[in-house]
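**Student:** Spelled out, the chains give:
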Amino acid sequence: MTDLVVPFLDSPFMQRALVAGCLVAIVAAAIGTFVVLRGLSFIGDALAHGVLPGVASAMILGLPSLLGAAAGAAVMVAGVSLVTRRSRLSGDTAIGLLFAGMLALGVVVISRSGSFSGDLTRILFGDVLGVSWGDIRLQGAVATVVVGLTAVCVRPFMLLSVDPDGAEAMGFSASRYHALMLALIAVTVVLSFQSVGTMLVFGMIVAPAASAALVVHRIGSMIALAGVLGCLSVWWGLAASYRYDLAAGASIVLVQVLVFFVILVATMLPRRRVAPR
Amino acid sequence: MGVANQAGQMIMILVMRYPAFRTPARLVAVAVAAALLTVLAACGGDDGGAATGRPTVVVTTSPLGALVRDLVGDTADVEVLIPNDLDPHDFQPSVKDAERLARADLIVSNGAELETGLEGAIAQARRDGVPTFVMAAHVPLRSGPESGHDGEEGHDGEEGHEHGASDPHIWLDPVLMARGMAALAPVIEAKLSVDLRDRPAQQRARLAELNARLQKAAAQIPAARRKLVTGHDSLGYFARRYGFEVVGAVIPSLSSQAEPSAAQVGGVVATIRREKVPAIFSETGTPRAVAEAISSDSGAKVVDLTTHSVADDGSYYTTMENLMTTIADNLRDGG
Ligand SMILES: [Zn+2]
Chain Y
149 MTDLVVPFLD SPFMQRALVA GCLVAIVAAA IGTFVVLRGL SFIGDALAHG VLPGVASAMI
209 LGLPSLLGAA AGAAVMVAGV SLVTRRSRLS GDTAIGLLFA GMLALGVVVI SRSGSFSGDL
269 TRILFGDVLG VSWGDIRLQG AVATVVVGLT AVCVRPFMLL SVDPDGAEAM GFSASRYHAL
329 MLALIAVTVV LSFQSVGTML VFGMIVAPAA SAALVVHRIG SMIALAGVLG CLSVWWGLAA
389 SYRYDLAAGA SIVLVQVLVF FVILVATMLP RRRVAPR
Chain A
20 MGVANQAGQM IMILVMRYPA FRTPARLVAV AVAAALLTVL AACGGDDGGA ATGRPTVVVT
80 TSPLGALVRD LVGDTADVEV LIPNDLDPHD FQPSVKDAER LARADLIVSN GAELETGLEG
140 AIAQARRDGV PTFVMAAHVP LRSGPESGHD GEEGHDGEEG HEHGASDPHI WLDPVLMARG
200 MAALAPVIEA KLSVDLRDRP AQQRARLAEL NARLQKAAAQ IPAARRKLVT GHDSLGYFAR
260 RYGFEVVGAV IPSLSSQAEP SAAQVGGVVA TIRREKVPAI FSETGTPRAV AEAISSDSGA
320 KVVDLTTHSV ADDGSYYTTM ENLMTTIADN LRDGG
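Chains as they are written, first to last, in my numbering: chain Y, 149 to 425; chain A, 20 to 354.
Hints are not guaranteed to be accurate.
Derived list of chain Y stretches under chain A, where covered just means 3 residues or more per stretch with a C-beta under 8 Å from a C-beta of chain A [as the list claims (entries may be wrong)]:
| id | region |
| --- | --- |
| 1 | 157-167 |
| 2 | 278-287 |
| 3 | 389-397 |
On the chain Y side, residues computed to face chain A include the following (Cβ under 7 Å) [stated by the list, open to error]:
| id | residue |
| --- | --- |
| 4 | Val257 |
| 5 | Thr269 |
| 6 | Arg270 |
| 7 | Phe273 |
| 8 | Asp275 |
| 9 | Ser323 |
The hints are simulated quantities; they were obtained by calculation from the structure and are not laboratory data.
Each residue gets a CB set at the ideal place from its N, CA and C atoms; glycine is no exception.
Use the sequences and the hints to build the structure in full.
**Tutor:** Encoded structure:
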């Protein structure tokens, strides 16, 4: 038990990592719930990797990496919608194409750049142990905007996930809210990648929301539970990284996925007991 | 060009597979794209060098490249494969790099798992009959920390009994380099059929002088302050030679590519506070944000240190003197 508390007491870097991680977990819960309900995982994952060349270019040019990530996400979304609209290829194909292309572009950009500026490993896995209070203030501001927008749009988002035609009938433009949803996923990815990197950020978005979806069914409760599970996972993941000397970002996401499977197994148990009767 | 051929084939497959590509207008677009790709592929292919008629030595890293250049003088061309400011631990070769290796008359690599990304390409060149010289095979290697927590004892001293991985950062010790270059000189003369004359002896003397100067500079730092915190565990040989102790690293690993854990970062912060170390020497491939976080929690300042590349004048000797000067300047007035 002390292992869960003591590391945070006298280590400022652990406190910063915890606060930054929880901010990400809360935003990820709000957005991740809709990603899970609407089956947007693939585009979300693609967005997470699509920011790579943007981040790499920004680092080389000496610009804030958040700016590069935002540009990368914008190119990704624009590219996917261009391919789906102007060809007979399916959305999946378009996403896969852009996904691989952006990832490859990122690797190519990084492979020939000076490494004092940053390298592939850092972008892929993040630096949760290296966040500063300045980073956290920025993250907090963006998180407030994302959570606020989600709260305002919760009704159309909800209708869009359960009954898209009904949403249209009620006067909500499905395509407009779909675009907003994609934009919010992109912002969440951009906000989170500094902490856990582009490889793992999508675990942060999907895992707690998927865990919550196993247990509760009302959207409000799902978001709340996903937020709680996400924050707990950040806490336990960091503590495990401290206690067992493990890579920090990966530990957090690993705990989140473990939590999912523990809950999955737990929800299977009662059903088994009922079945033979 | 192989690349252009492949691109052409892929486009043909596309045209056959998808009816959408069969309409004439689209075929024209595809043809234009194919032509563009061919031009692009051809542009990259101008073959540099090879015009002098001298044999070519391809060296993987710039510090070794600087020493080999000194050694061969004008008897051979020396090409450094990994650009000077890139992290050798992280370097991935391009097709052109593989071609340079395959066409070399001799390949000099560092070895001991420094250039892991190049291992495949070098092995291929060796199979094709290119002679190779691995520097790490000609000097006694130290092994790295097994886990990073053992601290206290300081397990230098005993050489050659291998537990854990070997430390590849041999170029940071001029005495080891003198030994390695002495082994390389006869190989160059034999494989390239050139006469190095008195250059090996000159180089040995220069390296000995450099070592003496560095010894003197290190002695200026009070012994109690000769404590190093580095980006990764790169200064082991240097520390052993000049009486420093490496007390911690941002990434306690022999490679810059490992991921830091919370335990490691916490350990480094505690060590810096306990030992009152004034500076964190950040290197190529060091996660800057983590170094800054350790700095803000421990009070030590982050200082950039050139360890895996050479100074702007391309000289090994300047590089090593700059290295010692930066360390001495930051340890002497700190604490
Ligand atoms: Zn190194």
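**Student:** Work down the list of hints and note, for each, if the structure agrees.
**Tutor:** Hints, one by one, checked against the model:
no.	hint	verdict
1	157-167	holds (count 6)
2	278-287	holds (count 3)
3	389-397	holds (count 9)
4	Val257	violated, 13 Å
5	Thr269	holds, 5 Å
6	Arg270	holds, 5 Å
7	Phe273	holds, 6 Å
8	Asp275	holds, 4 Å
9	Ser323	violated, 24 Å
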